[in-house]
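Colleague: As numbered in the UniProt record's numbering, residues 1 to 146 make up the sequence shown, in order.
Source of the hints: derived by calculation from the structure; they are not laboratory data. Note that the coordinates shown come from a computational prediction; the quantities given were computed from them, not determined experimentally. All C-beta atoms, glycine included, are put in the ideal place defined by N, C-alpha and C. A portion of the hints provided could be inaccurate.
[What the hints assert, rightly or not] The calculated label-pair distances, taken between Cβ atoms and stated as ranges, are: (1) Gly66 to Leu144: 30 to 36 Å; (2) Ala45 to Gly74: 20 to 26 Å; (3) Glu64 to Gly30: 45 to 51 Å; (4) Ala67 to Leu144: 27 to 33 Å; (5) Met86 to Asp5: 28 to 34 Å; (6) Ser145 to Ile3: 51 to 57 Å; (7) Val84 to Pro116: 15 to 21 Å.
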Amino acid sequence: MSIDDDVALLERVPTMRLLGDTSLRMLAIGSEQREFNQGDLLFKAGDDADAGYVVQRGAFRVEEGGAEIVAGPGALIGELALIVAMKRPSTATAMERTSVIRIARSLFQRVLESDPAAARRLRDELAMRTSQLASDILMAGAKLST
C-alpha cells in the first residue's frame with residue numbers, strides 16, 4: 001500500500017481522525033507494515049505493549065477474559081498502548097491472512113509533541129470517553145442495586 005492509502009485508512013479510525021492530515025501523514029510515513037498468516041499471534045495477554053495496530057486487511061480475534069471481538073479492516077487494536085506503557089490485557093490471533101500498520105508509541109508521542117492542537121483534540125476525546133464510561137458504570141451500579 002502507498003502512503004496515501006495508509007493515510008486514507010488511518011482517517012477511517014475515529015481516534016486517528018482527530019489528529020488531522022499532517023499528523024496522519026507523519027504516522028503513515030513512520031509506521032511499519034506487518035503481515036500475519038491464519039493462527040499467528042499479533043500479541044498475547046501479558047506482553048509488553050509498545051504499539052497500536054490498524055488492520056489493513058483480514059481480521060484478528062481479540063480475546064480478553066472470556067470475551068471476544070473480531071477486529072477487521074479499519075480497526076485500531078491496542079489503542080491505549082499508544083499513550084501509556086502497559087501489559088497487553090488481551091490476546092489477538094489472525095483469523096486469516098492479515099496485514100496491519102504498526103504504530104509505535106514513541107512515534108505516536110513524537111507526532112503529538114509536534115502538533116499540540118492534535119494532542120488537545122485527543123485529550124478532549126479521551127476525557128469525554130472516560131466521563132461516559134464513568135456514567136455508564138454508575139448507571140449499571142444503580143440498576144444492580146434496585
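Colleague: Hints first: check each against the structure and report whether it holds.
Modeller: We went through each hint and held it up to the structure:
no., hint, result
1, Gly66 to Leu144: 30 to 36 Å, "violated, 20 Å"
2, Ala45 to Gly74: 20 to 26 Å, "holds, 24 Å"
3, Glu64 to Gly30: 45 to 51 Å, "violated, 28 Å"
4, Ala67 to Leu144: 27 to 33 Å, "violated, 19 Å"
5, Met86 to Asp5: 28 to 34 Å, "holds, 30 Å"
6, Ser145 to Ile3: 51 to 57 Å, "holds, 53 Å"
7, Val84 to Pro116: 15 to 21 Å, "holds, 19 Å"
Hint compliance for this structure: hints 1, 3 and 4 are not met, and every other hint is.
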